[in-house]
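Asker: Sequence:
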Amino acid sequence: MGAPSSDLTAEIFLQYMEHLHLARLTHRHRVINYFRYVDNILLIFDPNQINIQAILDDFNAIHPKLQFTAETERESTLNYLDISIHRTPTNVKTSIYRKPTFTDTIIPYNSNHATQHKYATVKFLFNRLNTYDLQKEDYQHELNIIHNILHNNSFPIMPQKPHIHTLVQEKPSHTPKHRWASFTYVGKETSYITNIFRQT
Numbered sequence: 007m008g009a010p011s012s013d014l015t016a017e018i019f020l021q022y023m024e025h026l027h028l029a030r031l032t033h034r035h036r037v038i039n040y041f042r043y044v045d046n047i048l049l050i051f052d053p054n055q056i057n058i059q060a061i062l063d064d065f066n067a068i069h070p071k072l073q074f075t076a077e078t079e080r081e082s083t084l085n086y087l088d089i090s091i092h093r094t095p096t097n098v099k100t101s102i103y104r105k106p107t108f109t110d111t112i113i114p115y116n117s118n119h120a121t122q123h124k125y126a127t128v129k130f131l132f133n134r135l136n137t138y139d140l141q142k143e144d145y146q147h148e149l150n151i152i153h154n155i156l157h158n159n160s161f162p163i164m165p166q167k168p169h170i171h172t173l174v175q176e177k178p179s180h181t182p183k184h185r186w187a188s189f190t191y192v193g194k195e196t197s198y199i200t201n202i203f204r205q206t
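In this text, residue positions in the sequence shown follow the working numbering: the first is 7, and each later residue adds one.
What the hints contain is simulated information worked out from the structure, not anything from laboratory work. Computed from a predicted structure; not experimentally measured. Heads up, a few of these hints could be off.
[Claimed, not checked] Below, simulated DMTMM-like cross-link-like pairs (lysine to aspartate or glutamate); rule was C-alpha separation at most 25 Å, straight line: (1) Lys-71 x Asp-139; (2) Lys-71 x Asp-13; (3) Lys-129 x Asp-110; (4) Lys-99 x Glu-24; (5) Lys-105 x Asp-88; (6) Lys-142 x Asp-110; (7) Lys-99 x Asp-139; (8) Lys-124 x Glu-143.
[Unchecked claim] Label pairs and their computed distance ranges (CB to CB): (9) Ala-60 x Lys-129: 42 to 48 Å; (10) Ala-9 x Asp-64: 28 to 34 Å; (11) Val-98 x Arg-134: 16 to 22 Å; (12) Gln-55 x Gln-146: 36 to 42 Å; (13) Ser-12 x Leu-87: 16 to 22 Å; (14) Gln-21 x Ala-120: 32 to 38 Å.
Every residue gets a Cβ at the ideal spot worked out from N, C-alpha and C, and that includes glycine.
Based on the provided sequences and hints, a complete structural model is requested.
Answerer: What follows is the structure, given as structure tokens:
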């Protein structure tokens, strides 16, 4: 929550801090790779050469308003955003990660929402499934989870072709008498909009 410009201001500030300190810190601690998405950072380093606590202390010393916490891999696995990264002796593989608080609730198919709203999450789930480089068993496991989510929210599925294009789209039985247009919310307060309707 906050002003619409908050996320942009925070991103500019973080990029400025990276410009000032990142090269020095990564060189000092021999960090192999640094990735950041919003406020989530992924570091790749050799634990035999560096101490994660020393890296964390240096990052927390950058600015008094920036405080970082560290999560290290457990059993050769680390969760980052919506993926689990599994380190094997020969390579790295990924699978889709969900937090323990995850619920399978999305906008139900039989709700009174617009069709594009109901299918937005469905498209996201299938796009993620087909975008990530998943092993065969991980792909099938994720596909089963998606089917369960759709089933629990009353979405019709044709099981012989589990893809987004096989989902049945509801078609209007008659030509609508009115035309509707959607407008993007631009941050005005609802009381202002209410006053407009009262004046008209």
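Asker: Are the hints correct? Go through all of them and say.
Answerer: Structure-based check of each hint:
A C-alpha spacing of about 37 Å is found between Lys-71 and Asp-139, which places the hinted pair above 25 Å, so the restraint is violated. Restraint check: the Cα-Cα separation between Lys-71 and Asp-13 comes to about 16 Å, which is no more than 25 Å; the hinted pair holds. For a cut-off of 25 Å, the pair hint linking Lys-129 to Asp-110 stands: about 15 Å separates their Cα positions. Note on Lys-99 and Glu-24: the hinted pairing is violated, with a Cα-Cα distance of about 28 Å set against a maximum of 25 Å.
A hinted pair counts as satisfied when its Cα atoms are at most 25 Å apart, and Lys-105 with Asp-88 qualifies at roughly 8 Å. Distance check on the hinted pair: Lys-142 and Asp-110 sit about 23 Å apart at the alpha-carbon level, within 25 Å; holds. Restraint check: the Cα-Cα separation between Lys-99 and Asp-139 comes to about 8 Å, which is no more than 25 Å; the hinted pair holds. With a C-alpha separation of about 28 Å, the suggested pairing of Lys-124 with Glu-143 is violated against the 25 Å cut-off.
Roughly 44 Å separates the CB atoms of Ala-60 and Lys-129, a value that falls within the hinted 42 to 48 Å. The supplied range of 28 to 34 Å is met by Ala-9 and Asp-64, whose beta-carbon atoms lie about 31 Å from each other. Our hint of 16 to 22 Å for Val-98 and Arg-134 holds, since their Cβ atoms are close to 18 Å apart. In this structure the hint that Gln-55 and Gln-146 lie 36 to 42 Å apart at CB holds, the actual value being about 39 Å.
Checking the proposed 16 to 22 Å range against Ser-12 and Leu-87 shows it holds: the Cβ atoms sit about 21 Å from each other. Between Gln-21 and Ala-120 the Cβ separation comes to about 37 Å, which falls inside the hinted range of 32 to 38 Å.
Hints 1, 4 and 8, counting from the list given before, are not met by this structure.
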